[in-house]
Amino acid sequence: MKYRTKLTLLCVSCLFVFIVSFFIGRYGIDFPTVLKILADRFVRLVTFGKLGLGQTWTAAQQSIVVNIRLPRIAASALVGAALATAGAAYQGMFRNPMVSPDILGASTGAGFGAALAILLGFSYSGITTMSFVFGMAAVLLAWLVSKSSRIQTTIAMVLAGVMVSSLFSAGTSFVKLVADTQSQLPAITYWLMGSLSSVKTADLHFALIPILIGLVPLFLLRWRINLLTVSEAEARSMGIETGRLRLLVIICATLMTSASVSISGMIGWVGLAIPHFCRLIFGQDYRRLIPCSALMGATFLMLVDNISRTITTAEIPLGILTAFIGAPVFLYLIITGGSARND
Amino acid sequence: MGDYKKGIAEDLDALQAQIGIPCIFLEADLAHMSEAFRSLGTILADKEERAEELATLIDLTMILAEVNNQSIPEEQRLSVMFTSGSDGLGTNAKGSSQAQVIELVGARNAIEVEKVSSKGGGNIVSLEQVYNADPDVIIFSPGSIYSTVASDPAWKELRAIKEGRYYEIPGDPYNWMSNPPSLNMVLGIWWLGNLLYPQYYNYDMVSTAQSLYEGLWGYKLTTEQAQALLAGSK
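Heads up: the sequence lines are chains U and S, in that order.
The opening residue of the first sequence carries number 1 in the working numbering; numbering runs sequentially from there.
The opening residue of the second sequence carries number 1 in the working numbering; numbering runs sequentially from there.
Looking at chain U on its own, in the form it has when it is part of the complex (with noise of 0.2 Å):
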């Protein structure tokens, strides 16, 4: 199969799982009816709200698939996408396929912001805004650790991100052992485990702005990425300056990581499986790579997420799904030897 046949068929099998997603729930609708809300939605978007369907359905119904699908939908597709793409940048960048998103410490730096929210009973959206700034200080702090270090830039930023991961997981540890048994450990231990059950509309516009910011350049600089993928030395002789396109790379992968793990959580295994996924069917070139693990990985979420929020009663966390079904596939990658190396 051609490159073209083959991202074609994952951009329809991607819309189709966006939109199939909408008809899927716990509250039952019928079929009809959410294709007349979604039409109606649409018909309104075009026409700036001035044309609409005549309303056959009722306010709850439309409430559900409007305000509750279709936020937790996007925001699924959206951080599907954003942490298989950092993953895959990341990868290419320390040359290394066991790199996934959380490598410099936005994960964990993320997931103390919010424990530490938790525990100081800051509202919803303060939950959110301490665990994406504290995402982007792991990260910072990573840097300028390494920065500082006389070793090769790669291993020096590895072994920052590595001690400030362990530096915030210990904070993390030492929230979750102050905090209420009652009610913040919960909390805190559910946020941990990743899930978008509480994503409404806000928290999707408050994610959108740094994950595009993220995606977009490392989309338009998607061939220099193989440029990273060479050893610095051979870069150097064929005279390119990695170090600010590193740069770039590991602001974008940041924002875009932490801009998701504030809004759903830690859910691992995206970042590492979807872009080895990719490497199988689309080969080693960054061209291709970057925008088949976004469409990947949005895909790969949404079908998740419609798991996790249907199968019980009770909401399942996305991390763990994820791992269960992202570690055989991984585990398979291995075995067969299909994960391609980098260098």
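Misleading hints may appear alongside valid ones.
What the hints assert, rightly or not - Covered by chain S, per the in silico footprint, the following chain U stretches (three or more residues, Cβ under 8 Å):
| # | segment |
| --- | --- |
| 1 | 123–133 |
| 2 | 139–153 |
| 3 | 181–188 |
| 4 | 195–207 |
| 5 | 243–254 |
What the hints assert, rightly or not - Chain S stretches covered by chain U per the calculated footprint, using a threshold of three residues with CB under 8 Å from any CB of chain U:
| # | segment |
| --- | --- |
| 6 | 77–86 |
| 7 | 126–134 |
| 8 | 141–154 |
Note that these hints are calculated values from the structure, not bench results.
What you are looking at is a predicted structure, and each value in this text was computed from that prediction instead of being measured.
Don't be surprised by glycine CBs; every beta carbon is placed ideally from N, CA and C.
Starting from the structure of chain U, add chain S where the hints point.
Same frame as chain U, but now just chain S:
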């Protein structure tokens, strides 16, 4: 003290052997709470009188709930969703030790899940599940999204929200409904009963709260403080 768990006797025997201090277990859900306080009174020196006071207060509360529970006709029984957590989606579902008060006062728990969690924080449900259950009344934890649900597009179409039948649980010294599930649940029975069925639980909650605080905690609550506590109960 707390919920009975299998193996607790062996665990405590081992602990007793280790530390050399006698260890006992008192089951203290609402049904056994007065008994637990009476046992404490006999065990602890000079506390018999105080324990008897508390036990009597609990017994009185339980009798009040039982009598009213039996007189409320089936068609008047309301379904109540008891949320916890700041986003309002943690739910103390039917059968959890946090939600005992709901059924004691004569209401139904609106949320039933397959695997009930009795840890604080309860089971996380999706909003769609709440629309499905269509509760008559929703009670929110202190410090949650209670104040914003009326304008929140995802919540405001719920029947309980539209009809204004949603309330904030008073949170001092602890959440009156549970969190932790202990003596403060006595307050919860008086509060929730009066809130849902004022024709049966017929008393003024402000002055009742004042006398309960005096009886339970030995604290003199002023009228203003009581009113502030009950601000979310309208």
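Tested hints:
With 3 residues having a Cβ less than 8 Å from any Cβ of chain S, the segment 123–133 of chain U passes the three-residue criterion, so the hint holds. Evaluation of the coverage hint for the segment 139–153 of chain U: breached, as 0 residues show C-beta separations to chain S shorter than 8 Å, against a requirement of three. Note: the segment 181–188 of chain U has 6 residues with beta-carbon separation from chain S under 8 Å; the three-residue rule is met and the coverage holds. Counting residues of the segment 195–207 of chain U whose beta carbon lies closer than 8 Å to any beta carbon of chain S gives 5, which reaches the threshold of three, so the coverage claim holds.
Given a C-beta distance limit of less than 8 Å, the hint that chain S covers the segment 243–254 of chain U is violated, as 0 residues qualify and 3 are needed. Under the rule that three or more residues need a Cβ within less than 8 Å of chain U, the assignment of the segment 77–86 of chain S holds, with 3 such residues. Only when three residues or more bring their CB closer than 8 Å to a CB of chain U does the claim for the segment 126–134 of chain S stand; here the count is 6, and the claim holds. With 6 residues having a Cβ less than 8 Å from any Cβ of chain U, the segment 141–154 of chain S passes the three-residue criterion, so the hint holds.
In this structure, the earlier hints numbered 2 and 5 are contradicted, and the remaining ones agree with it.
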